[in-house]
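**Q** Just so you know, the protein sequences line up as chains A and B, in that order.
So for the first sequence, our numbering puts the first residue at 1; every next one is plus one.
So for the second sequence, our numbering puts the first residue at 1; every next one is plus one.
Source of the hints: derived by calculation from the structure; they are not laboratory data.
Warning: the hint list may mix true and false statements.
Quick look at which bits of chain B chain A covers, simulated, 3 or more residues with Cβ under 8 Å [stated by the list, open to error]: (1) 6–18; (2) 27–41.
Dumping the calculated BS3-like pairs for lysine-lysine here, alpha-carbon to alpha-carbon at most 25 Å [as the list claims (entries may be wrong)]: (3) 63(B) x 182(B); (4) 140(B) x 193(B); (5) 6(B) x 63(A); (6) 39(B) x 26(B); (7) 182(B) x 81(B); (8) 67(A) x 6(B); (9) 3(B) x 67(A); (10) 123(A) x 63(B); (11) 12(A) x 123(A); (12) 3(B) x 63(A); (13) 63(A) x 123(A); (14) 92(B) x 3(B); (15) 63(B) x 193(B); (16) 197(A) x 12(A); (17) 3(B) x 123(A).
Backbone N, C-alpha and C fix where the C-beta goes; we use that ideal spot for every residue, glycine too.
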Amino acid sequence: MAKKTVFQEFKKGLWSEVPPYRLVLGLCPTLAMTKGVDNGFGMGLAVTFVLVCSNVLISALRKVIPKDVRIACFIVVVATFVIIVELTMQAFTYPLFLQMGIFIPLIVVNCIPLGRAEAFAYKNGMVASFADGLGMGLGYTISLTVLAIIREILGNNTFWNHEVFSSGFQPFAFMVTAPGAFVCLGLMLCLMNMLGKK
Amino acid sequence: MRKTIKLFVAVLLFSAVSGGLLAAVKSATQERIEYQQIKFVKGPAIQEILKGCSNDPLTSRFKIQDGKVDRSFFVGVFDGKPNTVAFESLGKGFGGDIGVVVAVNLNTDEIVGVAVTTHRETPGVGSRVRSEPAFVRQFKGQPIQDPFKVKGDGGKIDAVSGATVSSRGVCGAVVASAEVYKRLKASIAEKAKSIKS
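So here's chain A without its partners, still in its complex pose (with noise of 0.2 Å):
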């Protein structure tokens, strides 16, 4: 019973709670990195991560956090990883890097981390926030993958800077900018709606 509970709470994150199409939660760096399937892979694996370990983190502590500063030691917590991984990503992949610049610290301000360790981790096991934190992240990445894709391959004719048809496709560069941004997360956020209603 409790290992299917597990489960539930990982698979929640996949389908019927993904942050940006379901909860419409952490849209900036939605917006912003999916030029590129790269960017947008990135990113998500980076808020995996910083999701992960906060969870846990936070569950495992929290009944020394006192009520009243939660708030406070969640962004301790949840800065703390994220400087880490803007540590590591300087000293492996430094490219990336460049690219993905000030979204990497903004992390800490995304409602996913805060708002998992506020919703979920407070008050619930480690086990379960593990598989929570995994599932939103996983959830996300895919969410940014797949936007991703569709943009680059529109916009830019290319799919992880590879170019795709060779040629009599006129990429259509509106997909790249922050309008066709916003053009693509809306019929995202559409299908989404249309598959959940039956």
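Fit chain B to the known structure of chain A by using the hints.
**A** Just chain B, lined up with the frame of chain A:
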């Protein structure tokens, strides 16, 4: 009162542990980050302006303490002599500091080349100080101690059109590097001699 102290201590402990952890990560990654920056940002620029040298300028480098900062100098060997050094200075651009690498010939005090490394200028406008080679080519062969200014300010450098502030920033960085060069020339020449050709 007791409760307030408890809350205060909790946040304090969290911050202290976090600070300590980050300091450890920072010092563990610092060297690699420096290397990555040299490889991906400064490296291509330095190799571009020292084109034709017979050594690898990225490994022939040394540091000199200048006041409170350590400055890195990259040496290029031409005709068997380590007679050219490249180093980075900053100028004020439109969106923040512009990093500019300037290569100087130690014998003639002339600029061998100038290249923009890091910048936060407007893409497509100010960023052209980096992407248009004709702009930085204007510095080539000029004496480093010249007071470089854009034409609008009474100087002789043609600004990139629509990007006067960014162009001014690059001129400012070159002027700043002239000051560094003047101040440290003796020790630069001393250290450059020891680079094997």
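**Q** Which of the listed hints are not met by the structure?
**A** 10, 14
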